[in-house]
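Starting from the structure of chain L, add chains R, S, E, H, F, U and Y where the hints point.
First to last, the protein sequences are chains L, R, S, E, H, F, U and Y. Take 1 as the starting number for the first sequence in our numbering and just add one per residue. Take 1 as the starting number for the second sequence in our numbering and just add one per residue. Take 1 as the starting number for the third sequence in our numbering and just add one per residue. Take 1 as the starting number for the fourth sequence in our numbering and just add one per residue. Take 1 as the starting number for the fifth sequence in our numbering and just add one per residue. Take 1 as the starting number for the sixth sequence in our numbering and just add one per residue. Take 1 as the starting number for the seventh sequence in our numbering and just add one per residue. Take 1 as the starting number for the eighth sequence in our numbering and just add one per residue.
Note that these hints are calculated values from the structure, not bench results. Treat the hints with care, since some could be wrong.
Listed next, the in silico DSS-like pairs over lysine-lysine satisfying Cα-Cα at most 30 angstroms (straight line) [said to hold, decoys possible]: (1) S:Lys140 with H:Lys140; (2) E:Lys140 with Y:Lys140; (3) R:Lys140 with L:Lys140.
Simulated DEER-style distance windows between Cβ atoms [stated by the list, open to error]: (4) F:Ala85 with H:Lys140: 26 to 32 angstroms; (5) E:Ser62 with L:Gly22: 47 to 53 angstroms; (6) U:Met144 with L:Thr33: 45 to 51 angstroms; (7) Y:Glu86 with U:Lys140: 26 to 32 angstroms; (8) U:Met144 with Y:Thr90: 19 to 25 angstroms; (9) F:Ser145 with L:Ala57: 54 to 60 angstroms.
Residues of chain F placed beyond 12 angstroms of chain S at every Cβ, according to the derived structure [claimed, not checked]: (10) Gly22; (11) Lys66; (12) Arg75; (13) His134.
Note that beta-carbon positions come from the ideal geometry of N, C-alpha and C, so glycine has one too.
8 protein chains.
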Amino acid sequence: MTRERESLGFATLDHDRMLRQGFPEVIYGAGKTVEQIVAIAERLAEHDGGFLATRVAEEASSALAKRFHRVELNRVARTAYLPGAEPPPTGRGTILIVTAGTSDLPVAEEAAVTASAMGNAVARVNDVGVAGIHRILAQKDALMSAAIVIVIAGMDGALASVVGGLVRVPVIAVPTSVGYGAAFDGLAPLLTMLNSCAAGVTVVNIDNGFGAAAAASRINHA
Amino acid sequence: MTRERESLGFATLDHDRMLRQGFPEVIYGAGKTVEQIVAIAERLAEHDGGFLATRVAEEASSALAKRFHRVELNRVARTAYLPGAEPPPTGRGTILIVTAGTSDLPVAEEAAVTASAMGNAVARVNDVGVAGIHRILAQKDALMSAAIVIVIAGMDGALASVVGGLVRVPVIAVPTSVGYGAAFDGLAPLLTMLNSCAAGVTVVNIDNGFGAAAAASRINHA
Amino acid sequence: MTRERESLGFATLDHDRMLRQGFPEVIYGAGKTVEQIVAIAERLAEHDGGFLATRVAEEASSALAKRFHRVELNRVARTAYLPGAEPPPTGRGTILIVTAGTSDLPVAEEAAVTASAMGNAVARVNDVGVAGIHRILAQKDALMSAAIVIVIAGMDGALASVVGGLVRVPVIAVPTSVGYGAAFDGLAPLLTMLNSCAAGVTVVNIDNGFGAAAAASRINHA
Amino acid sequence: MTRERESLGFATLDHDRMLRQGFPEVIYGAGKTVEQIVAIAERLAEHDGGFLATRVAEEASSALAKRFHRVELNRVARTAYLPGAEPPPTGRGTILIVTAGTSDLPVAEEAAVTASAMGNAVARVNDVGVAGIHRILAQKDALMSAAIVIVIAGMDGALASVVGGLVRVPVIAVPTSVGYGAAFDGLAPLLTMLNSCAAGVTVVNIDNGFGAAAAASRINHA
Amino acid sequence: MTRERESLGFATLDHDRMLRQGFPEVIYGAGKTVEQIVAIAERLAEHDGGFLATRVAEEASSALAKRFHRVELNRVARTAYLPGAEPPPTGRGTILIVTAGTSDLPVAEEAAVTASAMGNAVARVNDVGVAGIHRILAQKDALMSAAIVIVIAGMDGALASVVGGLVRVPVIAVPTSVGYGAAFDGLAPLLTMLNSCAAGVTVVNIDNGFGAAAAASRINHA
Amino acid sequence: MTRERESLGFATLDHDRMLRQGFPEVIYGAGKTVEQIVAIAERLAEHDGGFLATRVAEEASSALAKRFHRVELNRVARTAYLPGAEPPPTGRGTILIVTAGTSDLPVAEEAAVTASAMGNAVARVNDVGVAGIHRILAQKDALMSAAIVIVIAGMDGALASVVGGLVRVPVIAVPTSVGYGAAFDGLAPLLTMLNSCAAGVTVVNIDNGFGAAAAASRINHA
Amino acid sequence: MTRERESLGFATLDHDRMLRQGFPEVIYGAGKTVEQIVAIAERLAEHDGGFLATRVAEEASSALAKRFHRVELNRVARTAYLPGAEPPPTGRGTILIVTAGTSDLPVAEEAAVTASAMGNAVARVNDVGVAGIHRILAQKDALMSAAIVIVIAGMDGALASVVGGLVRVPVIAVPTSVGYGAAFDGLAPLLTMLNSCAAGVTVVNIDNGFGAAAAASRINHA
Amino acid sequence: MTRERESLGFATLDHDRMLRQGFPEVIYGAGKTVEQIVAIAERLAEHDGGFLATRVAEEASSALAKRFHRVELNRVARTAYLPGAEPPPTGRGTILIVTAGTSDLPVAEEAAVTASAMGNAVARVNDVGVAGIHRILAQKDALMSAAIVIVIAGMDGALASVVGGLVRVPVIAVPTSVGYGAAFDGLAPLLTMLNSCAAGVTVVNIDNGFGAAAAASRINHA
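Next up, chain L with everything else stripped away, as it sits in the complex (with noise of 0.2 angstroms):
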């Protein structure tokens, strides 16, 4: 099992995951330096001919976009997206990322540039949460032409559970951050979508938009 890794002293790189997992090793930008973030973009830049990092914040955007000029920042999703040499393979259908409220948006948009970056259809259904259920009934097209649906909520994150008892394709909840007190962070919905009445709901990690696209994009290309 002899596999390709590249040491950079503080990191390595595992240059095997396009062929293990069917796409490159993606970069965590949190605790990692401006210095150690550029130097991580240029050997997979080097490899792969381009890159996505996430939790990006503003210096080292900055100096991505230095570095590398065709590199695409979003910032509200803080994310930098370097397009590879070649595109990814596409996807089967379209994912559908769904939020409750206008302040999930950052954790949209980064499963939306991730998704999109992986080589799937991506479309979007924004601040339908259920204290207003007609707003989510009245997108029933969106949900019926979704191949995935991700849904990302904050504070009771009860918008899991409606629309995983709507649809049949696979859903995937997202806890967010939003909320204060007793919502502790995320904690709140994230207990709501693991308790999910709806069979067969999943979830990911608190305010992981990467994590959601990602597994979604594991489905949409099997």
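For chains R, S, E, H, F, U and Y alone, kept in the frame of chain L given last:
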């Protein structure tokens, strides 16, 4: 402020409560011996003509039934109720008790017995959790004719937010310990309900059907 | 069930809420950009003649004040309120807002602004925590003339139980994040209030003055 | 949106679910009386020709076996399954169920029964936790031929991340309550799995073999 | 610092404790076998003429009663007490033990037995929780004549703050596991008491009547 | 029960507290504006000749110093103290304040300032945590001559149990937020101290030097 | 990397572990059926000549004793041990197992059985908790002659820090679930030990006597 | 037991620690003022010829560098190290420090600086988390030549179990606060590591690189 109270040694009866709050003290059976429960019930019955006891285990129920022939036992609700000499004042409207699932019934029964004992008309809608959203939407008439709605749900607790967004009357949410794992004995729906995106939903303790009914009765007798 | 809603892309306005719930959608400012807040406010103002925004940071407040000359800012409450074309229907009685300490004032202000905006008379009693029990006992007149009482307290949150035992009208308890250490940002008074030994006290989220007022207004307009 | 539902008083059957989600409502046995379980099973059997019940205790299993001679009981999984009139549509590929330890078997059995009932081919690999990493590496063939992998693990829950990094197909992680002390009844592997460093692993509730299989079946029938 | 100790293999007796702390080692019965409890009791009785054992289950109580004819069992408190050869020095004043509810009695009994055994006069006031605030206010005489007050309460634990504000003597608060749901086995009153708005209330572990009495006795013997 | 109180609108002063509890109300500075703190201080100074304020931020300290020339600021303790017209009654003995580490000093200072202001002699022993057990054992004289010991410790909080076992006088334990990671902002030493194996150690809130001193002063003035 | 493993269907034996880690796989009895335990034991005995099983309930112990006549049962430790064909290599020094209280004995027994089975000399000191600090100080000889110290304590867990500061050899701390209330089933001593102010104390799971012994044996065989 | 200690008022130096534990007291910089850190450093330098300080913020680092010209600052590790007059005794083997990701580097640096200062040879392997399992498998030589392995990982913390199963030498696991959401500042990997399915992995506090190195050095100097 001289107020009526009576000491049994192990208990200090708050006979003043009828005047102050419109309903006599209620016996909380958990953690009390059968002898204590019967003794308190006797004093209340003597003073008020009747009593309500909640969280009454089987043995205490039997003892109360033996001592008070007219007592009404509800073994699902774990209540024992002896109607007082004169009925409580009647509340303005109907309290609608809605459950998300069949497993929530014991809590709903406790709420129904309490609300009735306190002089309120009660209506019921059962097993209309949000995984089949049409079930609650089909109950529009019941929802619209209620003066107050008590929503009882375990697991994701999402029903409270949906109902809270459908009606304009007061909504009291009761999380239940129904569920397992990350439901954490009712913590999950408790947090869901405290974070309801529907404005003006209030919450009581996990499995507290009694408290929800008492709160609803306060509203209904205003 | 065709219902009125309007999409701004990042937001789906629930214009139907006025009809359904007696008060238009309220803007929750946290996690929204200034641009988003102003855009939503414009649409609501256009549709309803006014709006209420909560959790509005300084910058957004200024932007709203610039755009809407009649807007009423309350910097303690962090609210911005533009009265609508016609006043909301008036509630039956007075909502009494009681705080345990001076540090609870921002939450009380949010409750007061919200309750007023929703058409309710508001009275206030401040800094009457139970460590000096005579302070709340001395407020008997205010307590007895209230239609609903909102009790706002941090730290031990004990005031809610005392007030709950003194009055027969509905009591809504708001835990606050006032305190330190084992107050755990409001968890301590939240648990206290959920476990109130006074029957029929209901609870809203930590620091949720808005929710308490919305709940009180539901009761007051029944 | 008139949808088929049937009320038993204590339960509202969602007969529409077959159409909406491709599989009829499943009976969650916990917290229901034997009588309730049998009554719901009868209605489902009448409507769909069969039923699936999970979390069925011994007494309820026996009652179901007495009432429905063809019912298939799995006492490890605590399931009761009566195949419907016609088999469910067959899923695309094989769902591989992997456990970290022998003690995880009840959850794996629940997943296997559910997945089969929903029309999926199932394969199994047991007791390949990461403390002996060669055990999972030796299962390359099984991993590579799976359409979806369900990873079931208690204690450290680490197997999900390892498997997530080895395959490119969807991976659904199920934390179990196996363990003691700081496993906190499954909280430890739940957090491990939510924080998986393998991109695109999704998670369901602790011990929720049913939910994992339902999610996998959604994917497999897309 | 040569100090007296004696080893039984499974236990190391701290015979020095009488000299150091004014009261001999107390046997904590939980988690010990009947044989271990009896063996330790024998050595203490031999050394000090008597012993106090807490958290003693029924079987151990019977064994102790059989072995020591003068032993005083209190089955509510779950204590076994054999008075020593000479009575402990008498404390300065009276320790007043106050409970919020009848269900708190076992903890109060443990405190009373311990305080008496350690040489203190004990007075009792029961079932005066704050939901009927006049009940504690009516006990002014008892409160004013106490040297130390132990307040025992479950659920909201609010009584400690009220008493702490009424008296100037030391107040020791004992949270109890009375309650359910969000009482979280005593966590709620524990947090309430730790956050008491009355200055100078101190707290011991949940249900720790023994510890409260030991602390009060330290104060009373100063 | 007519008691003296004074309303400032945002605050209700409990002037009766001096009579009831032997020390006037203390200003808790956190969450109050500078204006509120100064206004309350003025009323207290007018009524009692002085005041004590804790948790006073830099800006409020400066404002108080400007308004009250005699005020004593302690910036480590974050206190402001204006001695009253006549000194408080002197306590019986010496309160010994012991810290486990140098980082616990701010809490110890708050305790020392409070204890002194309330009329108690104070002694200090610093940085004698149990990792070098001889450091506390060497303080036998200080321990033996104390009337009450306040033990202040973060991290493992183990010092409280050791001291509790060495002395027979009352021991009050103060957990601090010193530490990181699994210290969880003081939760670790809080739990340690609540579970002290030394009988009769009582506990106050995390970082609550004020409360420990107030409790000690209650004991010292009995 | 072809490694030896054997599949029993429900279990995959890691026969390679002896080579890799110096001791064969150990049977964790919890959550396994009696049949599974016996079957795994048979395979291990066949392969290695013996086995060690922990967390073995009464019924499984009896079954093992019936099947393997030489098996050594320790009912306090809940272990079953069949010595292998040849003794394990002997460790360098003595592992000293120290308990804070008698109630910690079952965990200490599990550690002692495991350490012995793995080829280590074991010494024991029991019931030397810090409330009587002279008890552990008197054990200087035992402490100084140990190669590794395992400290086992519940409640405050403080003994680990004291021992950690007295010796220079490795100290492994085992929190136990001994205690009640805010001990939270071992969480309190777990946090204490993780925050030990003695540098270089390491920690294993609550009640994990087995793990502590395995870690000590790794050190002792280095 | 007369032992050497020195009091600075705010600190009590444990000069005896060198003799007792083989390494002098280490300065924990957090929560200390710059003046306190420099003063303690001066005394240690005077007594031992050098010192090690951890958690030293920028300002304190600069002050130490100014005062001690030979001091070695490591700004990633936040350490300041002044080698003593004579080097510490050299440990037996090499301590291998392994990180799961680049973001874990600050903790690894703290461990490396500490281990070196204590006289140990250190080797490093970085960024070999289990999502690309071949990365750690490729490090077999490094793993096999280590005397002790320190595994540092945030998020899922799974690397500790994998390494624990690969080697027979002692493994010390350090959870880090790397991650977000349900990583809960390091709680997730902490629980993972405490529940490691690899027998004999021990754990230190979150981000406690210092403690892991001190524990490893104890082992290495045995």
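Interface exclusion of F:His134 relative to chain S, criterion Cβ beyond 12 angstroms: At about 31 angstroms from chain S, F:His134 clears the 12 angstroms cut-off, so the statement holds.
CA of R:Lys140 to CA of L:Lys140, is that 30 angstroms or under? holds (21 angstroms)
Is 47 to 53 angstroms right for how far apart the beta carbons of E:Ser62 and L:Gly22 are? Since the Cβ atoms of E:Ser62 and L:Gly22 sit about 49 angstroms apart, the hinted range of 47 to 53 angstroms holds.
S:Lys140 and H:Lys140 were given as a pair; does the straight-line alpha-carbon distance stay at or below 30 angstroms? At roughly 21 angstroms apart (the allowed maximum being 30 angstroms), H:Lys140 and S:Lys140 satisfy the hint.
Quickly compare the C-alpha distance for E:Lys140 and Y:Lys140 to 30 angstroms and report which way the hint goes. holds (21 angstroms)
Confirm or reject the claim that Y:Glu86 and U:Lys140 have a C-beta distance inside 26 to 32 angstroms. holds (28 angstroms)
Would you say the C-beta atoms of F:Ala85 and H:Lys140 sit inside 26 to 32 angstroms of each other? holds (29 angstroms)
Confirm or reject: F:Arg75 is not an interface residue toward chain S, with every Cβ-Cβ distance exceeding 12 angstroms. Label holds. Min Cβ-Cβ 18 angstroms, cutoff 12 angstroms.
Please check whether U:Met144 and Y:Thr90 have a Cβ separation lying inside 19 to 25 angstroms. holds (22 angstroms)
Examine each Cβ of chain S, and state whether all of them lie more than 12 angstroms from the Cβ of F:Lys66. holds (21 angstroms)
For the range 45 to 51 angstroms, tell me whether the beta carbons of U:Met144 and L:Thr33 fit it or not. Holds, at about 46 angstroms.
Please check whether F:Ser145 and L:Ala57 have a Cβ separation lying inside 54 to 60 angstroms. holds (56 angstroms)
Checked against the numbered hints given earlier, the structure satisfies every one of them.
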